[in-house]
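A.B. asks: Taking the hints into account, I'd like the entire structure generated from these sequences.
Protein chains in written order, with the working numbering: chain P, 162 to 459; chain E, 52 to 532; chain Y, 6 to 317.
Some hints here could point you the wrong way.
[Stated by the list, open to error] Below 27 Å or equal to it, Euclidean Cα-Cα: the simulated DSS-like pairs (lysine-lysine) are:
id: 1; chain 1: E; residue 1: K528; chain 2: E; residue 2: K214
id: 2; chain 1: E; residue 1: K239; chain 2: E; residue 2: K472
id: 3; chain 1: E; residue 1: K273; chain 2: E; residue 2: K239
id: 4; chain 1: E; residue 1: K239; chain 2: P; residue 2: K311
id: 5; chain 1: Y; residue 1: K217; chain 2: P; residue 2: K364
id: 6; chain 1: Y; residue 1: K85; chain 2: E; residue 2: K528
id: 7; chain 1: P; residue 1: K364; chain 2: Y; residue 2: K24
id: 8; chain 1: E; residue 1: K528; chain 2: Y; residue 2: K309
id: 9; chain 1: P; residue 1: K190; chain 2: Y; residue 2: K217
id: 10; chain 1: E; residue 1: K214; chain 2: E; residue 2: K265
id: 11; chain 1: P; residue 1: K364; chain 2: Y; residue 2: K202
I should point out that these hints are in silico values taken from the structure, not numbers from a laboratory.
This structure is a prediction, so every number in the text was calculated from the model and none was measured.
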Amino acid sequence: MNIESGKTVIPTTFWNKIYNNNTKSIASKTIYILVLLFVTALFILPFLWLISASLKIRSEVFNFEWIPDPVAWINYAKVWEAVPLLTWAKNSVLVGFLAAIAVVVSCSLVAFGFSYFRFPGRDFLFGLVLGTMMLPGAVTLIPVYMVWDKLGQINSLTPLWAQNLFGSAFYIFLMRQFFLSLPRELFEAARVDGASYLQMWYKIALPLTQTAMIVVFIFEFKASWAELQKSLIYLQNNMLFTLPRGLKAILDRFGQGGEMQWEIVLAASVIVTIPMVILFFMGQRYFMEGISTTGRKG
Amino acid sequence: MLEGKKFNLFLKVGILLMLTSIIFTACAPTTVVETVEKVVEKEVIQTQIIEQIVEQEVVITATPSPVTGTLNVLGFTQGDEIAKVRVDTFIEKFPQVELVMTEGSLDAQQFLTAVASGNVPDLIYTNRDVLSTYATRGALLPLDDCVARQDIDMTQYRESAVKQVTVAGSLYGIPEFFNIITVLVNDKALADAGVAIEDIDTSDWDKIKEVNEKLTRMTDGKVTRIGFDPKLPEFLPLWVAANGGAMLSDDGRTALLDDPIVVEALEFAVALHEPAGGRQDFMAFRDTWDFFGSQNQFMSDQLGAFPMEQWYVNVLVGSSPDVELAVLPFLTREGEIITYATGNTWAIPRGSKNLDAACAFMKTVTSPEAWTAAAQTRADMRAEEGTTFTGVYTANKLADQIIFGEIMQPSGSEVFDAAVKVLVEVQDYAFSMPASPAGSEFKQAWQDAVNRVLAGEQTAAEALAQAQQEAQDALDKAWSR
Amino acid sequence: MSVLQNEIRPKKRISNLQKKETLAALGFISPWIIGFIVFTFGPMIASLYLSLTEYDILRPPLYVGLDNYAQLLKDPKIAKSLYNSFFYAILHVPLATIVALAMAVVLNNVPRRAAGFFRTAFYLPSITPSVAIGTLWLWLLNPRIGLINRGLEFIGINGPNWIADPNWVKPGIVLMSLWSVGGTIIIYLAALREVPKELYEASRIDGASNWKQFTKITLPMISGSIFFTLIVNTIGSLQIFSEVYTMYFGQMNASTGTDSALFFVIYLFRQAFEFLNMGYASAMAWVLFVIVMVLTVIQMAFSKRWVYYEGE
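C.D. replies: In structure tokens:
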């Protein structure tokens, strides 16, 4: 995999260079750190608010305190008791994983087809790919539903992920941008060595676009994790629900009928969000740190 | 290098998993196998049941066709005890029916895609507002046959609710809850501003204007207490009715939005925002209320009075049991009690595969028996918690008689006992928006008009003239097919 | 640059190679072609047909020719909602690009150990449920007690009414949207990681300043990703729906009304599923489709001038 192993290894990062630069004063470093912390605080705020509100008793959910007093852990217990959370989580993980893997593989194939090869009609076809992003989903909802109905997949998890087997415009476009940034010489060298097109994709293109693939995986897993519309129209059985679909059931149950138990709804929101935070934390470390071990970066 | 290899492995496992799952979905999905097994089991059970029934029928031959099979219900959530107890009543009465409930309130996309593709649920639960929209387009079944076969006494339901689910002379729904509006008054504010409770007289609009000014409190040029919140845009129909008018003709065909009575009502209600510094300041302040909390606008003395739905009394009982609250009926300018009723309904979509069960279900869960059992359960729960039971407001008169006559006991809280008394009394003076096939567009047209006036973009007359045009176009179009 | 271009081959072999390449390419993109035919082309044609009908979903469609399109021209809300959507897109797309790029550069320079924490923090809004975001932002934007106006007051500015003033509703929504640029940040971060470090090293030896390095190396090297996000964010911003629907039209709505938060796709959704005018909604969708298509073609044409691909 050390395709360009001849190149110099630069151990320092860009920041380290700036940091070591003598012209930078302590003051500017401090300002940098303060700004960074401030902006980060802004970004964390919604999540902290969510957690804080979910731990409040009903009459205090929308008050302005950041620290719940008293702390109502019971909200979480209530959600746990009220609904089959584990089953829903299992469905969500299954759907998310299949959706993400399917989209990574199919989009990588298709994007490679669009970026490496030159063939008549390529730009037109690629225009069509982009075009599919532009038609609002609301109007194709019913025709697509009918396709799945014909395939006998209503009230099953299949429609929630299987369309990803055929690629998805956003990710095809994203992967194509990454493939285009690879030096063409790499592939030509492999061709001279007698590699087939499939081998070129598998042995050269894939390892060099790991970052992109993990980005796609995380994006799609997240999208699938939050997806509500499909699970709303395709799933009828309680036990097939995904977490967002379950969250809607919880919202309808606790948010209406004069009960207005928003603290339960918010606790459920936290439960739904936490796994994504963990996944992202793990995933980003992998794709950010893992990259430095691939050949091109030394 | 190592990372790269790991990654390849990861990829291979992924592809393998994916292929496996495709094969599974395509050839022998486990879920299908399970379902088949379940169906087989079910059939065995059903055969046993049928045998039992056959045995029973030998004895009781008078029973009409037994209610069996699966009943798919869409839009209903068994969230609280009021829902659960009533569903249990049905299950007890008709144990042969297998209930399949898709949780969550009815979503238009969910229902419409299902109907468009022929996957119709057997029974739906939805807002009475949208019922006529679906009924006039042939998506729902008229219930005359069902009422006759299940022998449902329609006189037990409140008239205005029944009217809302009657489209072009045919009944399409069985009404459930009955939400009504009364005026909630903050006694603390009255004392502070030196206003007598008798002065909160909604029949005298000059007085309301005066009281609104008195109750409004400004501190450093900013409003810190709203005097009388007219609750626009949503309660415009109430103001119009109080002014002796209507926004839509009884047959649901003609919009009456540019009627001078409507214009006058809107002008009056909009003007109530002025003492607080106009709509924007008014809204900005209202959005800061701790509406569901213990520091709500009553406890924090941020509001004089406003018309509100009765469920908010339930909220107040829970969040601030010591609130100094008075509940008054909303009055017409003639001095008659009036209230605007909304609520949900049951309905059977065309294509329902189990009419008998659907019909029996509607009858059972809205029966006095089921309602009172549910209310009793809630009352017991409240007693156990040491909180106040403020009643269940149903569209079934008989049920309400029992709930408020027998189950409801004086709670010891003068404020809430008095409140409940008024709420019960007001129920008999309700009106509803007439059924029409363009209900949503109609509502949108007048709400937009109100908002344009509130934003200062148009006068009431201009805005309502435009809304009249939009609403009538929508109505004509919807009725024309 | 490429080996292929430099080689001189007999004509016949080129066409052979081209045939082979075309076949291979079609093989690679075949998953998409199949999916396109089954799940996209069919439904697209269906919606094009429906745009020529009066269709309420519950009854069979009734052919009405171009009536829906004629109606579009007369409907003042179409113009209003298009204006709203464009207003939003014009503010959102450049701002989101700049903010995300700045964040990505900052994040890229955070010492390694802490980077994971900061990256996760910046991505948090993107994974928080929209109900929670909508609720929170109604608080933040509240003109009296919201954090934003309090902050403005602190520096001596009397903040506007973000929720009720028709002129300030959309800028408020833009602020909220900038909160959720996490996805774009990630894309830029990934691209920044792909920039060969040798380039910086070489330019440092040449004595280039940081700013010069940024404009002469970083920007061109990640221009492909910037291009991608520009196109995708333009399309996305013209289709903005869920957060705004939650804030101004859903259960938690601020009921401020006025049409200032009525975006095109929100109006389309309401026409389709609340007013049951699916035919009309389909016509709206096709109008939007054509508009976005034209915009994208323009962006693509301009891209050739500033997007740099190593491979080409």
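A.B. asks: None of the hints should be skipped; say for each whether it holds.
C.D. replies: Evaluated hints:
no.: 1; hint: E/K528 - E/K214; result: 23 Å, holds
no.: 2; hint: E/K239 - E/K472; result: 21 Å, holds
no.: 3; hint: E/K273 - E/K239; result: 20 Å, holds
no.: 4; hint: E/K239 - P/K311; result: 64 Å, violated
no.: 5; hint: Y/K217 - P/K364; result: 36 Å, violated
no.: 6; hint: Y/K85 - E/K528; result: 23 Å, holds
no.: 7; hint: P/K364 - Y/K24; result: 23 Å, holds
no.: 8; hint: E/K528 - Y/K309; result: 49 Å, violated
no.: 9; hint: P/K190 - Y/K217; result: 20 Å, holds
no.: 10; hint: E/K214 - E/K265; result: 40 Å, violated
no.: 11; hint: P/K364 - Y/K202; result: 24 Å, holds
Hints 4, 5, 8 and 10, counting from the list given before, are not met by this structure.
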